[in-house]
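Engineer: For reference, the chains in residue letters:
Protein chains: 2
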Amino acid sequence: MSVQPVLIGGQWEVPDTELTFRAFNPATREPLAETYPVSDWADIEIAIDAAYEAFCQVRGWPGDRFAAFLERYADRIDARADELVAMAHTETALPVQPRLKDVELPRTTNQLRQAAAAAREGSWALPTIDSKTNIRSIYAPIGPVVVFGPNNFPFAFNGMAGGDFAAAVAAGNPVIAKGHSSHPGTTRLFAEEAFLAAQDTDMPPGFVQMIYRTTHQDGCRLVSHPKIGATGYTGSRTAGLVLKEAADRAGKPIYLELSSINPVFVLPGALEERMEEIADQFTASCLLGTGQFCTNPGLVIVPKGDAGHRFVQAVKRRFEQAAAGVLLSEGVERSFAKSLNVLLRAGAYVVTGGKPAGERGYGYQNTLLEVDGDTFVSNAAPLQTEVFGNCSLFVIASDGDQMVRIAELLEGNLTGCIYSHTDGRDDALYDRIAPILRQRVGRLLNDKMPTGVAVTPAMNHGGPYPATGHPGFTSVGIPASLRRFAMLQCYDNVRPHRLPPLLRDENPGGRAWRLIDGQWTRADVSG
Amino acid sequence: MSVQPVLIGGQWEVPDTELTFRAFNPATREPLAETYPVSDWADIEIAIDAAYEAFCQVRGWPGDRFAAFLERYADRIDARADELVAMAHTETALPVQPRLKDVELPRTTNQLRQAAAAAREGSWALPTIDSKTNIRSIYAPIGPVVVFGPNNFPFAFNGMAGGDFAAAVAAGNPVIAKGHSSHPGTTRLFAEEAFLAAQDTDMPPGFVQMIYRTTHQDGCRLVSHPKIGATGYTGSRTAGLVLKEAADRAGKPIYLELSSINPVFVLPGALEERMEEIADQFTASCLLGTGQFCTNPGLVIVPKGDAGHRFVQAVKRRFEQAAAGVLLSEGVERSFAKSLNVLLRAGAYVVTGGKPAGERGYGYQNTLLEVDGDTFVSNAAPLQTEVFGNCSLFVIASDGDQMVRIAELLEGNLTGCIYSHTDGRDDALYDRIAPILRQRVGRLLNDKMPTGVAVTPAMNHGGPYPATGHPGFTSVGIPASLRRFAMLQCYDNVRPHRLPPLLRDENPGGRAWRLIDGQWTRADVSG
Chain H
898 MSVQPVLIGG QWEVPDTELT FRAFNPATRE PLAETYPVSD WADIEIAIDA AYEAFCQVRG
958 WPGDRFAAFL ERYADRIDAR ADELVAMAHT ETALPVQPRL KDVELPRTTN QLRQAAAAAR
1018 EGSWALPTID SKTNIRSIYA PIGPVVVFGP NNFPFAFNGM AGGDFAAAVA AGNPVIAKGH
1078 SSHPGTTRLF AEEAFLAAQD TDMPPGFVQM IYRTTHQDGC RLVSHPKIGA TGYTGSRTAG
1138 LVLKEAADRA GKPIYLELSS INPVFVLPGA LEERMEEIAD QFTASCLLGT GQFCTNPGLV
1198 IVPKGDAGHR FVQAVKRRFE QAAAGVLLSE GVERSFAKSL NVLLRAGAYV VTGGKPAGER
1258 GYGYQNTLLE VDGDTFVSNA APLQTEVFGN CSLFVIASDG DQMVRIAELL EGNLTGCIYS
1318 HTDGRDDALY DRIAPILRQR VGRLLNDKMP TGVAVTPAMN HGGPYPATGH PGFTSVGIPA
1378 SLRRFAMLQC YDNVRPHRLP PLLRDENPGG RAWRLIDGQW TRADVSG
Chain R
898 MSVQPVLIGG QWEVPDTELT FRAFNPATRE PLAETYPVSD WADIEIAIDA AYEAFCQVRG
958 WPGDRFAAFL ERYADRIDAR ADELVAMAHT ETALPVQPRL KDVELPRTTN QLRQAAAAAR
1018 EGSWALPTID SKTNIRSIYA PIGPVVVFGP NNFPFAFNGM AGGDFAAAVA AGNPVIAKGH
1078 SSHPGTTRLF AEEAFLAAQD TDMPPGFVQM IYRTTHQDGC RLVSHPKIGA TGYTGSRTAG
1138 LVLKEAADRA GKPIYLELSS INPVFVLPGA LEERMEEIAD QFTASCLLGT GQFCTNPGLV
1198 IVPKGDAGHR FVQAVKRRFE QAAAGVLLSE GVERSFAKSL NVLLRAGAYV VTGGKPAGER
1258 GYGYQNTLLE VDGDTFVSNA APLQTEVFGN CSLFVIASDG DQMVRIAELL EGNLTGCIYS
1318 HTDGRDDALY DRIAPILRQR VGRLLNDKMP TGVAVTPAMN HGGPYPATGH PGFTSVGIPA
1378 SLRRFAMLQC YDNVRPHRLP PLLRDENPGG RAWRLIDGQW TRADVSG
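Order-wise, the sequence lines are chains H and R. Counting the first sequence from 1 gives a position; our numbering is that position plus 897. Counting the second sequence from 1 gives a position; our numbering is that position plus 897.
Looking at chain H on its own, in the form it has when it is part of the complex:
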């Protein structure tokens, strides 16, 4: 039985390890053929040293160099799209079309190309020049970045190809990717192409590296290692918080996307106006990807009364009519059961679903839960447990006051939505709920479900703890996502020829926006 190699130190290495794992086909629960290694500390240390050595070589390189790599890599991914899609489909059971082939893979290469464009252009680094004092500053690469990819986006958030990878590289950092154990084959294909793209564009060995899995203890050592600059992590709250503690203690930045139930407030007027439409939108959003989205609407607050009741019934019908999708892994299925149980014990009850799907693959029935507002208010902590998957909890609020109270009890989330009547009749209630919800979410939506996360400069895919580790950063959206993997570097009285090009009087290429004496401009510093 041969073990798949890892990409460390500039080459594919077959590790000498006894600890291995296999991935499963979620649609059949059967193990896949390949065996993958759990890397030991010796191998991880090789990767760390190589990444640091690569960093020492590339620091100071212009953004063009990183852009060239990212673009070459995106082209290579495009050329291998069919194989990537087939592999990801086998490992995740996510639909080939439209999801993997038409949506997620194009999004992934688009992210890589957007990041490349940002690296070339340079404005992301907020070059700032005070001409009178001759003090200049810029965001510069922070050092080797570790990226832990999640299970639910085998492409767009893959540690080896997703948004964190793109941002870390565009900011000028080597990356050590930790693939997710549920789709190692997909990650391997990416790593093969990244490796070749790095060779094509003369990046140093160790600039991109990939391991499949570590022990928890080694993960903590990795994120807190002196040679590591920062870490990006998307995944479960439990594992994330263990890494956070280790990184925090070492003073190493770690950017986490942990969990979110993405509350949706449906105000009375909205139901009067367009109940069926909202039920359609909600169902599509909640069941997309079998609900396995960080921005899945897992908590819906609806008003008590006839309209609220009919809304629940409308969603119930849709949930029952829709086929239950496959869950990503046995772990997700087990966690679904466990979290569901927490909600039920906390006072929620099943409107529909709540049982294993009974299919060959991993899965649960589309599950709609309900709880009355009083119970939620008195038991708000457990009732905010995330059920990762095709499940949502409807809270029946007795009145507007209780909706406000529920908003006050919410934990930090990635998103929060409010649906209201277009004629303004809900506005008084909106104005009470919105400021409270606003402070608890990274992205506030009106009349729109949260699952779409556009890759656009104003996007914030972030939010207050425990949705993430810091409410000032976003993991999606370029250029802001790049600044996570950068440190602020100031130059005080440094001789002109020693300055990074973007901080010299002459703006190289005239592409980057720079803040000169308090004004944003693309001009040179005027003599």
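Note that these hints are calculated values from the structure, not bench results. Among the hints, erroneous ones may be present.
Claimed, not checked - Each computed DSBU-like pair below joins lysine-lysine, with the alpha-carbon atoms no more than 35 angstroms apart: (1) H:K998 - H:K1235; (2) R:K998 - H:K1029; (3) H:K1345 - H:K1213; (4) R:K1213 - R:K1201; (5) H:K1201 - H:K1213; (6) H:K1124 - R:K1345; (7) R:K1252 - R:K1201; (8) H:K1345 - R:K1029; (9) H:K1213 - H:K1252; (10) R:K1201 - H:K1124; (11) R:K998 - R:K1345; (12) R:K1124 - H:K1201; (13) R:K998 - R:K1235; (14) H:K998 - H:K1252; (15) H:K1201 - H:K1252; (16) H:K1345 - H:K1252; (17) H:K998 - R:K1029; (18) R:K1252 - R:K1213; (19) R:K1213 - R:K998; (20) H:K1235 - H:K1213; (21) H:K1213 - H:K998; (22) R:K1252 - R:K998; (23) R:K1124 - H:K1235; (24) H:K1345 - R:K1124; (25) H:K1029 - R:K1345; (26) R:K1235 - H:K1124; (27) R:K1213 - R:K1235; (28) H:K1235 - H:K1201; (29) R:K1213 - R:K1345; (30) H:K1345 - H:K998.
As the list claims (entries may be wrong) - Derived CB-CB ranges, DEER-like: (31) R:A1420 - H:P1123: 44 to 54 angstroms; (32) H:A1136 - R:P928: 48 to 58 angstroms; (33) R:D913 - H:P1123: 40 to 50 angstroms; (34) R:A1420 - H:S1275: 43 to 53 angstroms; (35) R:Q954 - H:D1269: 30 to 40 angstroms; (36) H:D913 - R:P1123: 47 to 57 angstroms; (37) H:S1028 - R:G1244: 38 to 48 angstroms; (38) H:S1028 - R:Q954: 34 to 44 angstroms; (39) R:R962 - H:K1252: 48 to 58 angstroms; (40) R:D1271 - H:K1235: 50 to 60 angstroms.
Since we're looking at a predicted model, the values are computed, not measured. Beta carbons are placed, not taken as given, at the ideal position from N, Cα and C, and that holds for glycine.
Position chain R against the provided structure of chain H, taking the given hints into account.
Structural biologist: Frame of chain H, contents of chain R only:
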């Protein structure tokens, strides 16, 4: 014996506490007359609740409101300058002129006014609009901010008036200031004026509050409290790391400025060219404020040989000729002795000084230490112990290679300096040291000592751990320092009249720079 009141919940409250303390005149070691309380948790909780209530009232207010308060406060400080200077002089023994009256107090009011201007103008919040997707984002107030002021700047970093205070308020947050125990009277005067300025400008009760001291345990509870948005801390590494752990665990941002020895590399050519001049600059920088600066040059790397030897002797003479200043407190004196001892045991030896000053006040002789490069390399951790005060350690490096090696062994620092010959003869060595030093410091200087920290947009008063808790933030420099006390808030499909004014199509007043579809502009969104 009456206890001084604290400013909590919108009024001056005389606490019912048995735990009290007094400040000392550092020049005489005698206790000052007033007695100050250590606040108990009940009082702290009043402050937290009041701050949160104030926050709920002011969120959504335009920057003008916070600017008006800051400007009124600055005016009030100016009007009470003499009393503030006298009080700070009594409590810190820092010279009235030029330090307190001509430098630090004007700097403080200047910071408040610069912060006010930034709040009015709005660009600090990086308003970002994607017109095609109708996604918009902006940095918005994070919630009540706790500011712990340090001992060494009774004005410019005072929890109630300094840079963190100004930044937190300008970003739109209420502040709970924790004054430093060594200058409670100064902090009280500030709080009196802040309280009146808040009344003058119709700020809600609880917008500015002040306590003098807490137990360590209550400090941890405070920074991790759910109603607190973030914390700014400047002070000792030990106390700071205790607070950091508590805040990190609660997912609350905490910005720390902990300690720094600010390495200075003096390359051979620089000594050949201008040894006496550098000795003058170094001495002035190192003894300024009795060396009690976060940016004090505490580690100087000089080349072995005749020039290096003469440089050490030149500094020795100057140290011996200069009067030893007064240290801020008994604690600083004790810590000086302790840290000095760590350095001596680690292999450093005394060139001059090293003994208590023998004056009436707290103090040590101006102290110059030396260690050879081999010893530093083999014992780099203890030899980077900060002696807070009028002390510096010279490392005699055997050659350029060893200078490079020393740079590699440095911890994170606020600043790093390199002096080199103006004709370029040191450039090869500069080019080896600079990239290594660059990654370890927030601000890199050429041919200039680090003690001056200009309040200017490109300033970075920050750096890698353990100098601070995160290398992406600066505590000095407007507008960047404001963003520490803000969260990223995105609006997705939100109806136009519900958007914050700075995110509407029309740019209110046309003052703020906004990133619209990737371009910085002050224009409206074009229809």
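Engineer: Compare the structure with each hint and give your call.
Structural biologist: Do the hints match the structure? See the list:
1. H:K998 - H:K1235: holds, 32 angstroms
2. R:K998 - H:K1029: Holds: K998 (chain R) and K1029 (chain H) sit about 25 angstroms apart, inside 35 angstroms.
3. H:K1345 - H:K1213: holds, 20 angstroms
4. R:K1213 - R:K1201: holds, 16 angstroms
5. H:K1201 - H:K1213: holds, 16 angstroms
6. H:K1124 - R:K1345: The given pair, whose Cα atoms are some 29 angstroms apart, holds under the 35 angstroms limit.
7. R:K1252 - R:K1201: Roughly 26 angstroms separates the two Cα atoms, so the pair holds.
8. H:K1345 - R:K1029: holds, 16 angstroms
9. H:K1213 - H:K1252: holds, 15 angstroms
10. R:K1201 - H:K1124: Given that 35 angstroms is the threshold and the Cα spacing comes to 30 angstroms, the pair holds.
11. R:K998 - R:K1345: holds, 25 angstroms
12. R:K1124 - H:K1201: holds, 30 angstroms
13. R:K998 - R:K1235: holds, 32 angstroms
14. H:K998 - H:K1252: OK: K998 (chain H) and K1252 (chain H) at ~31 angstroms, within 35 angstroms.
15. H:K1201 - H:K1252: With Cα atoms ~26 angstroms apart, K1201 (chain H) and K1252 (chain H) stay inside 35 angstroms; holds.
16. H:K1345 - H:K1252: holds, 29 angstroms
17. H:K998 - R:K1029: holds, 25 angstroms
18. R:K1252 - R:K1213: Holds: K1252 (chain R) and K1213 (chain R) sit about 15 angstroms apart, inside 35 angstroms.
19. R:K1213 - R:K998: holds, 30 angstroms
20. H:K1235 - H:K1213: Cα-Cα ~22 angstroms, so holds.
21. H:K1213 - H:K998: holds, 30 angstroms
22. R:K1252 - R:K998: holds, 31 angstroms
23. R:K1124 - H:K1235: holds, 30 angstroms
24. H:K1345 - R:K1124: Holds - the C-alpha atoms of K1124 (chain R) and K1345 (chain H) are around 29 angstroms apart, at most 35 angstroms.
25. H:K1029 - R:K1345: Given that 35 angstroms is the threshold and the Cα spacing comes to 16 angstroms, the pair holds.
26. R:K1235 - H:K1124: OK: K1235 (chain R) and K1124 (chain H) at ~30 angstroms, within 35 angstroms.
27. R:K1213 - R:K1235: holds, 22 angstroms
28. H:K1235 - H:K1201: holds, 28 angstroms
29. R:K1213 - R:K1345: The hint holds at about 20 angstroms.
30. H:K1345 - H:K998: Measuring from Cα to Cα gives roughly 25 angstroms; hence the hint holds.
31. R:A1420 - H:P1123: 44 to 54 angstroms: holds, 47 angstroms
32. H:A1136 - R:P928: 48 to 58 angstroms: 53 angstroms Cβ-Cβ, so the 48 to 58 angstroms window holds.
33. R:D913 - H:P1123: 40 to 50 angstroms: Taking Cβ atoms as reference, D913 (chain R) and P1123 (chain H) lie about 49 angstroms apart, which means the hint holds.
34. R:A1420 - H:S1275: 43 to 53 angstroms: holds, 51 angstroms
35. R:Q954 - H:D1269: 30 to 40 angstroms: Holds: the Cβ-Cβ distance is about 31 angstroms, inside 30 to 40 angstroms.
36. H:D913 - R:P1123: 47 to 57 angstroms: With a Cβ separation near 49 angstroms, D913 (chain H) and P1123 (chain R) satisfy 47 to 57 angstroms, so the hint holds.
37. H:S1028 - R:G1244: 38 to 48 angstroms: Once the Cβ atoms are compared, 45 angstroms apart, the range 38 to 48 angstroms for G1244 (chain R) and S1028 (chain H) holds.
38. H:S1028 - R:Q954: 34 to 44 angstroms: holds, 41 angstroms
39. R:R962 - H:K1252: 48 to 58 angstroms: Roughly 55 angstroms apart at Cβ, these two residues keep to the hinted range, so it holds.
40. R:D1271 - H:K1235: 50 to 60 angstroms: The hinted range 50 to 60 angstroms holds for D1271 (chain R) and K1235 (chain H), with Cβ atoms some 58 angstroms apart.
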